Structure formats: C-alpha cells, structure tokens
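So the sequence lines, in the order shown, correspond to chains A and B. 1 is the number of the first residue of the first sequence in the working numbering; add one for each residue after it. 1 is the number of the first residue of the second sequence in the working numbering; add one for each residue after it.
Because the hints were derived from the structure by calculation, they are not lab data. Treat the hints with care, as some may be off.
Claimed, not checked - No farther apart than 25 angstroms at their CA atoms in a straight line, the calculated lysine to any residue pairs in the SDA-like style are these:
#	chain 1	residue 1	chain 2	residue 2
1	A	148	B	112
2	A	543	A	530
3	A	128	B	48
4	A	491	A	503
5	A	165	B	112
None of these values were measured; they are calculated from a predicted model.
Here's the letter readout for the chains.
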Amino acid sequence: MASTPGVNPATVDKTPSGISGLDQITGGGLPKGRATLVCGGPGSGKTIFAVEFLVRGAELGEPGVFVTFEESVADLTRNVASLGFDLELLEKEQRLTVDYVHLDPSEIEEAGGYSLDGLFVRLEHAIKAIGAKRVALDTLEVLFSSLKDSTTLRAETHRLFRFLKDCGVTAVVTAEAGAHTLTRQGLEEYVSDCVVSLGQSVFDQSATRFLRIVKYRGSPHGTNEYPFLIDDTGFSVVPATSLQLDYDVSQERVSTGIAGLDGMLGGQGYYRTSTILVSGTAGSGKSILAAHLANATCQRGERCMVFAFEESPAQIVRNMRSVGLDLTHWQDKGLLQLRATRPSLYGLEMHLVALHKAIAEFKPQAVILDPISSFMSSGTAHQVKAMLVRLFDWLKAQQITALVTCLSPSSAKEETEIGVSSLIDTWIEMRDLEIAGERNRTLYMLKSRGMRHSNQVRELVIADSGVTLADVFYGPDGVLLGSAKLTEERKRAREERAAWEDGVRAERLLELKRETIEAQITTLRAELAAHEEETLRRIRAGKEYAEATRADRDSMTKLRNDAGRLQSTNGGRA
Amino acid sequence: MTVATGLPRPKGAPKPAPPSAIRSPSRPSKPGQADERWNLRLYVAGETPKCVQAFQHLKEICEEHLQGRYSIEVIDLLKNPTLASGDQIIAIPTLVRQLPPPVKKIIGDLTNTERVLVGLNLVAVVQPKRRAP
C-alpha cells in the first residue's frame, strides 16, 4: 500500500527520557507533550522511574516538576540520593521543583461538591515558575484512597490530563498495579498515549525486574519484557532483544596468548569480535586459557574485563601467577578489570543488566565470563540460553571479543549443558584423560568458524613458566599422554635403534657374502680357464695326432702301392 | 488574599458578599467552648459558584454555632498560588480549621451541613433539631 506523502505513522514527537536503554525500546523516548502512565506493584521502581525521568530531563535542559503524593520532599531527596540524584541542588538551580501533596484522610471531611483546582493551581504555578517541560505525578492514586467521591475524582483526573496536555508538558504518571487491570483505579482509561508496566519475576529466590511497553499510540516499540536494574546510577534497561543480526564482522585476528593455540587456529589466533567457548571438565585448565587471552589483550594495550562467578579477584590473580601470568600489572595499568559476583546474587536478567552496565562503562575490547555454567543455578536452561544469546549478540554488536568458559559434566560429550554451541564461533574442548594412573589435560578444536584450524588433539602442559601445547602420542593403544607418552616414546626409540642396528648388521653381512662369493667366482673362473686351456690343448693335440697318423698311413699306403705295382706285373693282383 | 479582620460588626448590619471576611459579634453563645477562638480559612479559586456557595454556607454555620468567636480568612489561590502548599490544598473549596487544634479540613461546597459540623467537631454542640437559617 502506498503511503500518503507527509503522513508518517511513526512521527509521534518524542522526548528522550534519558533513562538508559528505554529510549532504544521506545524508538526515541516518551511521547512529547503527553502523559505516560507507569504502572507496577509496590517496590517495582515507579518512583525511581519518575524521578529519573525528571533528573535526566533537567540534565537535558528540560526543567521538571515532581508532585509526590506519597513521600515527603525530605524523604524523597534522601531516598534517591543513593542513586546519585541530588534533588536539592537541582531545586536550587531552578531545574526541578518537588511538591509534596500530603493528604491525610483522617483530617479531611467531604461536605459537598468540589474540584481539584487547588492541585491544578499548584501545578500550574510550579510549571510556570521554572518553565517546566516535564511533570511527574507519583502516585495520583493516593487521591482515590484519600478522597471518597470517586465520581468527582474521575472527572477531575480526566480534566487533569487535559490540563497537562494544555500546558504542553511531557508527563509521567505512576499508578499502582491492579489485580486484573493495569492500574488499581483504571487510570489507563485516561492516559491513552503510552503505558509502561514495571514488574518483578522471581525464579528460585532470585528476583528480576522487568519493564514492558504495554502500549504506545502512534509509534512502533519493543514488546518484550525487558530486564532492568536499579543501582547507584539509576535505571538501566537492557534492550538486547531489539538487536538485529546485522553486526559488522572483523577480519582481524587476535592472539590467544598461547603460541601453540594460535598455531592450531591457522597460526593467527581468534577472530576479533568472535565468541569463544572453552568447555571442559573440572580442572581441565579453562580459566588458564581465559587468563592467557586477558594477558594477550592487555599486552596489545587493549582493555579486558573478566567476570568471575566462582573465584574472587585476588584468588584469580594468585592462581594465574602460579602459571607465570602477572595480572596485577595489568590491573595497575587500568587495562584489566576483574569483577567477581556470586551467580545467586541476583536473577539472570539482572546479571545481564549488570554485565551490560559494567561493560558499557569500562569499554573493554575483550570480555571473559568464567564460567557461564554457574548461571544454571539462576534459571532454567531455556532462560539461561535466552540470556546468553542476548549477551553474545550485544557483545558482537559492540565489537567485543568474548571468551566464555563452561564446565561440562564429564559424562556429556561435546555438548554444553546450556546448549549455546550454535552461538559460538570458536569452540575449544578441554578434557582430562586418565591413562596409566595419571590425569593429563588435552585440548582440541571442536569448531572454529571461518578459519583453517587444526584437527589434532594437543596436550596442555602447564608449567611454572607458562603454558605450552604438546603433540600427543597416538599409538596402537590409543592416545598416550604424560609419563605414559614418555615411556612409549623411549620404547619406540629403543625399537627404532634396534631396527636400525639390525639393518646395519645385515648390510655388513651382505657385503661379506658378496666378497666371499666374488672370491669364489674368481677361483672358479680361474679353474674354468685352466680347464678350458687344457681341453683345447688336448683337442688340438688329438687333431694333430690324427693328422699325423693319417699322413703316416698315406705315405705308408703309397709306399705299399708302389711295391704292389711291381708285383702285379708278376701276376697282377692276386 | 482576603483576610478577616478582627473588627466587630454591629449586629444586623448587612453581610458582605463573599469572598470577604466577616467576624461574628463577640458574644459567647454556646456552652463548653465559650472562650475558644475559632480561626477558619477558606481556600477558593476565583468566584466560582461552588466557592460562593461554600462561603455562604460557612458563614451561616458559624453564625449559628460560633457566633462572636470566629474569624474567616478567605484565600483566593488564583491570586496567591503559592499559599496552596502551606495547608496542602488540592481540592477547591477547602475549609481549614486552624484553631482550635487539631487542624481539620473540609472540602466541598459545604452544602452538607452535617458533614461540616462533624468535620469541625461541632457535633457536640449541635442541637438535636437544627433551626432553619
């Protein structure tokens, strides 16, 4: 369908709320000049939402009026001071006005019809006094619990929202969540432009706060429940699921910190911005591999952030020193940050928010999570996976190289408990092999997308001086490692030497044989020659004798014939 | 702000139109609280029908029950918006009993006399059968 020129449905004017992450979900902020309803149960963060909306507004040059029905100005100021908001200073600078509307039902008697003009007058005065652009009412519903005439209140509430609109202020109105409706008093009927719902979900005793845009008239918006965190800097919403699969990929390679491992990855190491999983059984050296990446990152002068969920920073530093890595040095230089958190400290989504926040502050080039398997205690496999997908996605989008370790149960084969394998670019599997009474660490590439990588199993040799990768011995009895490998190697060497010596000996014998036989051949040849000579001589002698004999006979015959002729004359031949 | 003066008004003099101040003739008429001063403050926002009505009703009630012992201060928030927060005014009209303590607030146009009397803690001195004003 062709869109009408000049009419773009997404052009609702928006005011950036200034709340971290919220403007991303809403595509720019809250509807400008209109009221937004923020509803939620007790302790869901409505007041903080409202206060932060005004404080950020003041920072953005939009003064604000905060009308509190629940807390006194002093209480409110003290409560939000822990979030880094200095309301007193803002008030002094005429950027914020806090008005406490106190209603004590025991003091108030209703006798006849009334209007809320008093509130209107107060609001209008406050707005005009500082030129306010933003107004927050926290929470309007107190009126309904303090005053009895709900018909009047409804009419007046309606008038109030019209009044706010007429004033041209962007308003945030908080309301208590109802049992079956968004708000207890049905305020959503009056505020129809934008409704934000705040809530908490508890899994296995860990609570996660979440925020949802229930409606936003005239604007597309994220529809999920987005986790958020309230900490010493206020609200942080994680808009992770709004990310697309469209991040840039890097051709650059970064060293793994271990020469042998670089060699297994085409000689150059990991891709920058890739996600690397190091899985393995307990004590197979996952953390050591991770620490080497941290070390290599810092050596390049880049920042690296390590989130440890099982060890304290001091413990990590000590342990890595034992394999020749000095992490303190990098910490002192401000290139390395180690953060240790108990996985059970807060819910899964809160972890995500906390990670986001820490990463956004430190802006590291590499992030290490050690290990992600500890999240399993904070949610179901599906939830953990969903959280990790968002985290990995976000890290990729931020162009951050991420290495995560995962403890795999010894029984499982090439499968992480969490099932994140499909998200991983490079997967290194580490395994302990027990052969001939000892355990040795092996390592191999399960996959490494987009690069040539070794298919060989290597042995991880951890020494005081550092970590090296050694080729493993593969014989007819399978893979051999450690001292078994040494024994086998020596045995092989002996066998080889024996075989070699055998060959040499055989060669010598052959030579000898050849010499002997050749000598025999010479003798036989000589014999043959002698025999031949003798035979020829005899043949010659025989011929000569025969010839001589015939000649004798011939001459004899001649002689005899002569004598006969003579006789024949005497009678001829007899 | 229209402030009630402490000046006595001759009996039978015409009542001033609201918003204004009146003071009852100092003539103790009720038992029990004879020597108590009643300081009342009526918050209005312009001369809306509700505000005018509230003032009239208030004056009638005072005349009947607190004659000579009360003063009414009428505050127009349209003229003095800053005064609204002092007595925590949100509804208009609002009647505040400042004296005697404790502070009491009655909101509305005061048409419901029973509620006003209850609100002002005047029930104790109300006659079972109320005379028509």
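Do the hints match the structure? See the list:
About 14 angstroms separates the Cα atoms of residue 148 of chain A and residue 112 of chain B, which keeps this hinted pair within 25 angstroms; it holds. Distance check on the hinted pair: residue 543 of chain A and residue 530 of chain A sit about 20 angstroms apart at the alpha-carbon level, within 25 angstroms; holds. A hinted pair counts as satisfied when its Cα atoms are at most 25 angstroms apart, and residue 128 of chain A with residue 48 of chain B qualifies at roughly 23 angstroms. Between the alpha carbons of residue 491 of chain A and residue 503 of chain A the distance comes to roughly 18 angstroms, so the proposed pair stays at or under 25 angstroms and holds.
Under the criterion of a C-alpha separation no larger than 25 angstroms, the hint pairing residue 165 of chain A with residue 112 of chain B is inconsistent with the structure, at around 34 angstroms.
In this structure, only the earlier hint numbered 5 is contradicted, and the remaining ones agree with it.
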